[in-house]
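Participant: In case you want the letters, here they are:
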Amino acid sequence: MAEEILKEAVKEEVSAVGPVEILIGIPSYNNAQTVRHVVKAAQAGLLNYFPDRKALIVNSDGGSNDGTPEVVKQADVDAQSLMLVSHPLYPVHRLTTPYHGLPGKGSAFRTLFRIAELAHAHALAVVDADLRSITPEWFNLLLQPILTLEFDYVAPFYKRHKYDGTITNSIVYPFTRALYGRRIRQPIGGEFGISGRLAGHFLTRDVWNTDVARYGIDIWMTTTAIAENFKVCQSYLGAKIHDPKDPGSHLSGMLVQVIGSVFSLMETYDSVWRNVLGSLPAPLLGFPFEVGLEPVPINVQRTLASFQQGVRDLRPIYEKVLTLQQLRELESCAAQPIDKFVLEDELWVAVIYSFALAYHRRVLDREHLVKSLTPLYLGWVTSFVHQTENETPTQVDDRIERLCLVYEQLKPYLINQWPLQTGEKRSES
Amino acid sequence: MRAFWEQTVLGPLRDLGQQAVAGLSSLIGMLVLILLGLMLGWLAKEIIYRILRALRFDRLCDRIGVGLVVERTGLARSSSYLAAQIVQGLIILTALLAGLNALGTPLTRNLVERFFLYLPHLLAAFLVLVVGALVSRFLGRSVLIAAVNANMPSARLLAGLTRFFVIALTVVAVLDELGISRTTIIVTFAILFGGVVAAAAIALGLGARDLARDLLQSQFRPKTHPEVEDPMRHI
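From first to last, the protein sequence lines stand for chains Y and S.
Once you know that position 102 of the first sequence is 102 in this note's numbering, the rest is easy, because the numbers rise by one and skip nothing.
Once you know that position 53 of the second sequence is 482 in this note's numbering, the rest is easy, because the numbers rise by one and skip nothing.
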């Protein structure tokens, strides 16, 4: 029997509301400053775009001590100012509940999925509580593809500054695309539309006591949806502006959560990705419009120094992970002056594939392995900044597209190096 | 006269002969046991080595880090071979002890008895040594990666110091377990460790305050000055 994660009081509250068509989930932790705006946007979105559908807004809180749940309860939108065309048939219900299980966004999502299941919701939209640029239209863009076009999973598509989301651009997007053959530009975007069917499917998976329950939930959901052939699309949401993340979450910790999850999912779905070559675009819905973007400063002196030190001091670790040729190429890269510094795409992709293989083979402690990738990633950032300094957004997009193609071109190497299952034979092709 | 010969010459000679035969048979028994042990040990080593290789024992050892220790210390050509050699050694040791016991002298019996009483300490010390080696390696690597990611110029020095201190503690624990000059070792370690700390404190506090400050700053403060909050948006 499945473990019940909801308290009786919450279940009773959900029963009292009755079945709903739409559930909007807002996971939060100390977001009192911004959550009011998010809740109001959600209410306005429901009143504006779904006036005839019964909906529930759920805040799944991780134990905030700044009064976030109280702010959620008190936030109200002035319905008159919305100039509604249709009169809403149902009031928008609101519910706030602490989540249980391991601390992290994944546990909050699990609570939301369970409430959606109890309330028989057809569609869920989950948005971060720290968003400043969210508008009511986002909910239309995340929910409508599910309610009317029968998609199961809607990933966000944002306009971002060229140096915003460098882990996404250098590893997560191109690697996920090469592995599973679908071009989801923001696989760890933070905002998602999910069908009730897929939310129920997520609940059946035995991952809620792993890193997925912490911060690997985004990539896990995207990968699961693609690898298990759910109908996936993207919605254009414009710009994403949010509160700065917790400064305590250091870069190497982020890499462990995100890249560790990507590597770990490769083991779960190795029978899927080993049969995929090339990639297909995922439908992009919404109207792409230009937005002003906040510049992201990058101190290349610092990132280059980190790369050089990493190549020098972490050599004993890299010797276990990389080939001698890769190691030599990295060393000659590290010797370049900053104005000529380039980390070639082919070398970068080969390094990532070698790390993925080392993770699978458990060459060393997995956390150590992923953390040791940090200086090399900063090397890629240095090279990227140096190469794109004077490039337009379109040129930068082209550059990332070229990187994606290198990931796809070198994938046969990864497939050939991946250890076979017992009794399995490698195909000749 | 005949009785005299019997009592004074032939009797003792016969006793000596009997004792010599008894001693010789014990000696032959001991040699046979040792020979058997050597043969059995060699056979066991070959069989166990092949079984462990078939079971991919080396890969398992590589994963948990034992493989590297074996490789670096040059103890054996592989972890499977080392395991097989350990079994061989135990069989030969058992045969040797059985052989000594077969001699039946109070001295050898006492030796065997004392060995078996000491055996648990030997095993415990071996276990402590293995765990200590693994912990020192793990902690050393943790410190190295964390220090490199924090841009500390002395990352390798810090990692080396971490490994050294864990190994030093392990050696003290092992020697203590083996009962080798227990008090002397602990006192020596405490005096040395305390002395190093005291010397460093005095040096820092009196003699070379400025120099120490400059040295520490150059060694441990990151060369660049990263902002309090990383302005990059990685995800």
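None of these hints come from the bench; they were simulated from the model.
Check each hint, because a few of them may be wrong.
Under 7 Å between C-beta atoms, here's a sample of chain S residues computed to sit facing chain Y [as the list claims (entries may be wrong)]: (1) Arg443; (2) Arg506; (3) Arg566; (4) Arg592; (5) His663.
Which bits of chain S does chain Y cover? Going by a derived footprint, with three or more residues having C-beta under 8 Å, they are [to be verified]: (6) 446-452; (7) 580-591.
Ideal placement from N, C-alpha and C gives every residue a C-beta, glycine not left out.
Participant: Output the numbers, in ascending order, of every earlier hint that fails for this structure.
Facilitator: 1, 2, 3, 4, 6
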